[in-house]
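Number of protein chains: 2
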Amino acid sequence: MYFSSGFFTCIGKDGKIYDQLKYVWLQGRQVWMYCRLYRTMERFNKPEILEAAKSGGAFLRRFARIPNSGSPWKCAFCLTRDGKALKVQRTIFSECFYVMAMDELARVTGDKDMQVEAAQMMDQLVHWVRVDPSGLGKPQLSGDTPVCSMAVPMMLLCLVQQLTEARSGEEVDKYREVGGWCVKQILQHLQRGGTAILESVSSEGKELPGCEGRLQNPGHALEAGWFLLQYGLENGDQELQRTAVDKFMEIPFLTGWDKEHGGLLYFLDVDGYCPTQLEWSMKLWWPHCEALIAYLMAYSHTKEPALLERFSQVYDYTFSHFSDAENGEWFGYLTQQGKVTLDFKGGPFKGFFHVPRCLYMCEKILDSILNKQET
Amino acid sequence: MYFSSGFFTCIGKDGKIYDQLKYVWLQGRQVWMYCRLYRTMERFNKPEILEAAKSGGAFLRRFARIPNSGSPWKCAFCLTRDGKALKVQRTIFSECFYVMAMDELARVTGDKDMQVEAAQMMDQLVHWVRVDPSGLGKPQLSGDTPVCSMAVPMMLLCLVQQLTEARSGEEVDKYREVGGWCVKQILQHLQRGGTAILESVSSEGKELPGCEGRLQNPGHALEAGWFLLQYGLENGDQELQRTAVDKFMEIPFLTGWDKEHGGLLYFLDVDGYCPTQLEWSMKLWWPHCEALIAYLMAYSHTKEPALLERFSQVYDYTFSHFSDAENGEWFGYLTQQGKVTLDFKGGPFKGFFHVPRCLYMCEKILDSILNKQET
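Protein chains in written order, with this note's numbering: chain B, 1 to 375; chain F, 1 to 375.
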């Protein structure tokens with residue numbers, strides 16, 4: 001039972017489990033995070049962390065994929081405690097986190113089968129995104145116009161970085177081509193003469209009509225920012241580095257930072273209309289995590305004091321509002337005024353991912369800054 | 001073009017259209033409301049109101065249904081301005097509002113074809129709900145357990161009342177059987193020894209595990225309350241009338257009224273955990289509309305002063321927080337503290353329905369109270 005039991009992620013403010021459903025996004029992310037910490041940080045290189053990751057990986061391999069769904073790779077979104085599929089999304093994200101989990105687990109265990117499985121699922125993902133999305137199960141409708149959501153190339157770029165890290169060969173070249181395509185796709189979301197990052201654009205890279213076309217998600221743009229900066233650094237592309245910082249990190253701050261109450265707003269309409277998402281004015285934990293990584297990474301490479309100032313401003317808001325001094329961990333959801341309004345530590349979309357990834361990335365960057373100063 | 005043009009419903013705080021999509025729920029509700037006002041209130045018996053309703057009805061008949069969807073009755077959720085299907089839900093609600101629109105439009109125009117169409121779609125709805133839901137397009141998953149959502153029998157009961165009003169005959173008897181079934185289904189949501197109304201229960205009428213099973217929606221329970229009271233009055237069922245008032249109206253107030261800030265909370269967990277819906281603590285306009293109808297209807301039949309007191313309390317909050325003295329109409333979405341946080345007058349889920357239905361029902365009830373006093 002333990003060997004493939006997966007993780008509860010619905011955890012109340014004091015650590016109590018309030019729901020036993022198992023969300024595949026969060027299972028995959030937790031496995032990835034454990035493995036990454038185990039592999040790259042000495043103080044987490046402990047057998048119990050590896051065992052937990054292996055248990056989560058076994059649960060995913062046994063239960064995440066949906067039999068008879070038309071593709072051997074389509075995964076559920078949500079499972080019962082004992083692994084029965086309960087909900088399925090008509091998107092690629094459960095599958096993306098499955099790839100991340102399997103590839104990172106293969107790196108720490110040396111299990112080649114898992115690496116092959118990650119690669120095969122990646123091929124299916126690229127097929128769904130670039131060739132034919134019909135296997136995802138969305139019905140064809142007469143008003144359908146292809147919409148490019150920034151989340152899709154961002155996730156694929158993240159997977160490309162996962163799958164190519166410290167590897168070489170034919171497969172890596174194939175992924176590099178995908179990575180280049182992702183970067184081009186992400187850059188299409190820079191609209192209105194380079195003054196706005198829009199979440200969704202047409203397949204020709206043009207602005208879409210209505211609310212959907214005008215939607216901005218500052219936290220998401222910041223996350224794209226550090227993905228692009230990292231890619232630009234790895235590939236020596238200075239123009240891309242500049243765009244990542246000046247556009248994908250600066251614009252979301254100018255438009256998304258709440259000057260009255262502090263913190264990053266969740267959604268905005270580029271023309272100043274009220275977004276139709278009920279949570280638009282809330283402060284969520286994850287955009288703040290992404291902002292911390294983005295500004296610290298940008299500072300460490302540019303040494304521009306303004307970027308360290310941005311980091312400090314986000315840091316002060318984040319650690320005074322989200323982290324829970326009483327019971328540990330972070331709250332996830334605040335009102336616009338900064339009051340905790342959903343008080344659980346883990347929920348259907350908040351797992352062991354954004355907070356530890358943020359702390360991990362920031363620690364790595366801070367170490368590199370200190371190391372450079374010493375030499 | 002005018003004849004089948006439908007309605008814009010995304011309307012900003014000052015009346016400006018901010019999105020041109022046409023939501024089928026809202027199209028159907030608007031047609032129904034216009035016809036009901038035209039038919040039953042002298043001051044709205046105006047040709048321009050009938051013309052607007054006919055235009056909306058023609059738009060629905062021409063564009064709402066999705067060709068090749070497996071059923072000639074499956075409707076879209078959202079259409080482009082020119083009527084192309086953009087989104088489809090795997091539920092019955094677009095179709096329910098289509099039935100309401102067609103039947104009421106048939107009553108004012110005398111168009112028998114429309115009445116037949118409403119009846120045929122109703123047969124399909126009953127089939128989906130009571131016999132076989134597979135035509136709604138939800139994939140079968142291994143963890144599926146049949147979940148009874150209170151919205152489904154509530155909507156069907158509403159349609160039964162629409163389709164049977166002032167009619168008799170074989171078809172009406174058929175609907176009455178459906179109505180009785182709906183009432184039994186709704187009563188299954190009274191759980192925990194009659195102390196809680198839960199939104200979702202198992203098909204055996206038992207509590208479901210986890211967050212889903214513990215979810216309460218006070219505004220929805222109140223709406224069910226006045227549906228049940230109305231049904232109980234029409235059928236001379238005094239026990240049902242008592243249950244409607246004592247359970248479906250009283251419990252949501254005791255659990256859902258925000259004692260600190262006033263107003264009805266949107267979602268609650270019956271065991272006091274934090275709901276996972278981000279909007280759980282917001283104050284939405286429609287639960288307040290339903291509460292006004294419920295308490296005034298209950299007072300008019302019981303003459304219990306406590307119910308008039310409830311009405312007054314909800315009235316004071318509602319008219320001091322939702323209605324916009326500057327530009328007219330009501331705002332729809334407030335923070336827990338009562339501040340307007342989405343400032344549009346119409347959106348994807350807020351159309352010409354809950355506010356005018358509330359004012360219409362309350363005026364009718366107040367008239368009947370005054371008339372009884374005079375005689």
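These are computed hints drawn from the structure, not numbers from a lab. A couple of the hints might just be wrong.
The list treats identical chains as interchangeable, and a pair is accepted whether it falls inside one copy or across any two copies.
Straight-line distance between alpha carbons at most 25 Å, and here's what the computed DSS-like set of lysine-lysine pairs gives [unchecked claim]:
no.	residue 1	residue 2
1	Lys-138	Lys-206
2	Lys-364	Lys-46
3	Lys-206	Lys-184
4	Lys-138	Lys-87
5	Lys-87	Lys-46
6	Lys-84	Lys-138
7	Lys-364	Lys-339
Structure-based check of all given hints:
For the identical chains of this complex, Lys-138 and Lys-206 are intra-copy neighbours only, at 23 Å inside a copy versus 33 Å across copies, given an alpha-carbon limit of 25 Å. In this assembly of identical chains, the alpha carbons of Lys-364 and Lys-46 lie at most 25 Å apart only when taken from the same copy (19 Å versus 72 Å across copies). In the homo-oligomer, the alpha carbons of Lys-206 and Lys-184 lie at most 25 Å apart inside one protomer (13 Å), although the nearest pairing across protomers, at 52 Å, exceeds that limit. In this assembly of identical chains, the alpha carbons of Lys-138 and Lys-87 lie at most 25 Å apart whether taken from the same copy (14 Å) or from different copies (10 Å).
In this assembly of identical chains, Lys-87 and Lys-46 lie within 25 Å of each other by CA distance neither inside one copy nor across copies; the values are 34 Å within and 48 Å between. Proximity of Lys-84 to Lys-138 under the C-alpha cut-off of 25 Å is found in both arrangements, the shortest distances being 22 Å within a copy and 16 Å between copies. Taking identical chains as interchangeable, the C-alpha atoms of Lys-364 and Lys-339 are never at most 25 Å apart, the minima being 31 Å within one chain and 42 Å between chains.
Hint compliance for this structure: hints 5 and 7 are not met, and every other hint is.
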